[in-house]
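The lines below spell out each chain.
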Amino acid sequence: MTDYFYLIPIAIGLGLCGLAAFLWSLKSGQYDDLQGAAERILHQDDVPLSH
Amino acid sequence: MSCCGSGAELAILAAPDPREVLLISRTIAGGLRQTDLSVPDVHCGACIRTVEQALGALDGVTWARVNLSTKRVTIKWRADVAPPPFIETLRNVGYEAHLFEVDGDATDTTLSELIRALAVSGFAASNIMLLSVSVWSGAEPATRDLFHGISALIALPTLIYSGRVFFRSAWQALRHGRTNMDVPISLGVLLAFGMSLYETAIHGPHAYFDAAVSLLFFLLIGRTLDHMMRERARVAVKGLARLAARGALVLQSDGAQTYLPVGEITVGMTIMLAAGERVPVDSQVTKGLSELDVSLVSGESVPQPALPGSVLRAGTLNLTGPLIITATASANESFLAEMLRMMEAAEQGRSVYRRIADRAAGLYAPVVHLTAAITLAGWMFVEGDWHHAITIAVAVLIITCPCALGLAVPMVQVVAARRLFESGIMIKDGGALERLAEVDTVVFDKTGTLTLGNPRVVNSDNVDPATLALAGAIAAHSRHPYSRALAAAVSTTTTPIALDDVSEHPGCGMEARLGGSVLRLGRPEWALTDTSSMDLDGSSVVLSRDGQCVADFRFEDRLRAGAAETVGELKRDGLAVEVVSGDRETPVRTLAAGMGVPYFAGVLPGGKAAHVAELASVGKKVLMVGDGLNDTPALMAAHASMAPASAADVGRNAADLVFLREDLSAVSQAIAVSREAGHLVRQNLALAVGYNLIAVPIAIMGHVTPLVAAIAMSGSSIVVVANALRLRGRGKSDKSQGAGASTPRMSVRMEPAE
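Chains A and B are the protein sequences, given in the same order.
One gets my numbering by counting positions in the first sequence from 1 and adding 134 to each.
One gets my numbering by counting positions in the second sequence from 1 and adding 85 to each.
Since the hints were made in silico from the structure, they are not lab data.
It should be emphasised that the depicted structure is a prediction, and the values quoted were computed from it without experimental measurement.
We put the beta carbon where it would ideally sit given N, CA and C, even for glycine.
Mixed in with the good hints, there may be bad ones.
BS3-like, lysine-lysine: derived pairs with alpha carbons at most 27 Å apart [claimed, not checked]:
hint	chain 1	residue 1	chain 2	residue 2
1	B	656	B	705
2	B	513	B	706
3	B	513	B	656
4	B	513	B	323
5	A	161	B	323
6	A	161	B	161
Derived CB-CB ranges, DEER-like [stated by the list, open to error]:
hint	chain 1	residue 1	chain 2	residue 2	range
7	A	142	B	108	55 to 63 Å
8	B	141	A	142	50 to 58 Å
9	B	760	A	168	47 to 55 Å
10	A	166	B	138	18 to 26 Å
11	B	767	A	142	39 to 47 Å
12	B	138	A	161	42 to 50 Å
13	A	166	B	262	36 to 44 Å
Using the sequences plus the hints, can you model the full thing?
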């Protein structure tokens, strides 16, 4: 049992990563317009990043 | 026809002054200005594209982005150029837009704080629960202590970060000698955490970290949903067209014209008021002839003439001709300010309503705390073991902690608000829903509420279609309500008629040339050379050719769709219905008699509020439905209040509910949903009490381990949430039946946002 204790910090670390990712996405405004984002993907033309 | 936008009928309306756009835009970094517009008709991807491309093509615009969820568009433009014509551009591509004030509430900080707190507590709850499962399934003492220690490390920051929402509110209540739902919550969470910490320190077997944190998580869900519901209604109501003037063109003594905000206009200033603008402050006409739409201010449906010397009230709409007026009062002494003072007085007179959850908490907290105290004393008496007695008392607190209660009420109200939202009804908060369910008397305003406040031609069937088309073609050049009604009465299939020299004669009518003859559309005395042979009443309009009568038109204020049915339905449901109007006796009597309800005509604004207060003093719970400035004190005095989207700005802000569609059935629908929600809230409270009746004795007997607490708490929460969701299921079935009858478009008053 004790051999697997190293899994605990990994599990909590992964959880923290998820939490941080969520907070970042919230802060960067990705939840501001959920309906709009759903529609935009169908209509917006792709713009090449470099020429 | 495409699914989006149909702006053809809007083309004749004037656009707002570009100076006003400048006035409410705000400066942002990089030499840019930002303007927010509310565009209620945007609803698909194609709309986003059209709007963004149209605005992006304008000179000076650097960035335009639509937010489909809030139906707003944010535009950034270069500050060194004049404001580009945003609203006209959008109108040309078929979208009605209103200026939206951006100052003050750029971001909603409370909501993001709640969501962050929710995310943190969700993370903590799931991780602690994982550790707890292994403890419950019988981990060795050493492992158990380690897991308790890790749980404590996760729980402490969570409690500080996520728990402060509740601690702050509980502390506020306690400091003012009151108690609310947050007091037992905070106490339960803190005691559970404190005891678990002690238990961990002495290597004991029972720690309630998972209970404390998942309690926070569940309660934060309820709190966040509640906040989102109110916020959405607030934003939706704010996005409607503003019906008060923000500024006016002032003629200064040196002849210069400056656009001043309303607040800076002082007594004696000369104001140039164009046709289609609203009177900014109380004033007197010095020059010009026009007609005024006063329906939003006094409830009178017939436009009033304005000549030199006429006294104008702030908020009335100038219809036909430009006027030069002199301010007789500043903004904070004008009619609007007077209404605001009456509103404040009415609000103070109204008894304070305590929400069901708060009333429940008032009873709940003492009972729970007393039970825990008796348990402590009882076990001390029986066993004399401090540690065991405290453990059991804290278990009682945890098991009774109002998780289900805190979720039971908001969940139902959020589901109900969502159902109303789908039918175009915005509700300001959950308390309004509870008050609406108690209503037993409904008081309607007439103009703009029972009726649409704009007239309709009643005898168009008796008029030859070609003549009607001619009248309509002339009328299309004017914004007078009668002209608009005539233009609307013409079927769209007729070919357009080319007219020459169309001119408007304020107070009289329209004149046009066709071929060699002069056509006049307007008052009989003006349009006809000889009126003695005609039988005419005051509110009719004639079309004449060279002084000879061709046709006469009669007008009637149009009833809102579903008005008669709604009044009938309300009466069938046993509610008392009344009409209280500021309009003249005759139109009010005709309307009230048609519906078979008692009426009061010619009532002053103060009289309306007094009438509502009088009804309240004999124990009636009044729902006031009104739209005018003159209704706002009564809206405030009433137990619950509703306003249409076309209502005056203050009215919309004062009302508990705002309905966006034309159909008046929103009133009966809102009452029905609120009553259903009331039933479910009571059911949920009964479920929560029933759960406590079973769980508390078990806790007092000392049989509640952390595992039992976790199961009981989650179980009761799931039961109340599932019960609340039943309201949603019922909403779906209603909607599928009534979908054909309801108007899909928002009925926003078709006027420029000044």
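Results for each hint:
| no. | hint | verdict |
| --- | --- | --- |
| 1 | B:656 to B:705 | 15 Å, holds |
| 2 | B:513 to B:706 | 19 Å, holds |
| 3 | B:513 to B:656 | 26 Å, holds |
| 4 | B:513 to B:323 | 12 Å, holds |
| 5 | A:161 to B:323 | 24 Å, holds |
| 6 | A:161 to B:161 | 21 Å, holds |
| 7 | A:142 to B:108: 55 to 63 Å | 60 Å, holds |
| 8 | B:141 to A:142: 50 to 58 Å | 53 Å, holds |
| 9 | B:760 to A:168: 47 to 55 Å | 32 Å, violated |
| 10 | A:166 to B:138: 18 to 26 Å | 21 Å, holds |
| 11 | B:767 to A:142: 39 to 47 Å | 45 Å, holds |
| 12 | B:138 to A:161: 42 to 50 Å | 29 Å, violated |
| 13 | A:166 to B:262: 36 to 44 Å | 41 Å, holds |
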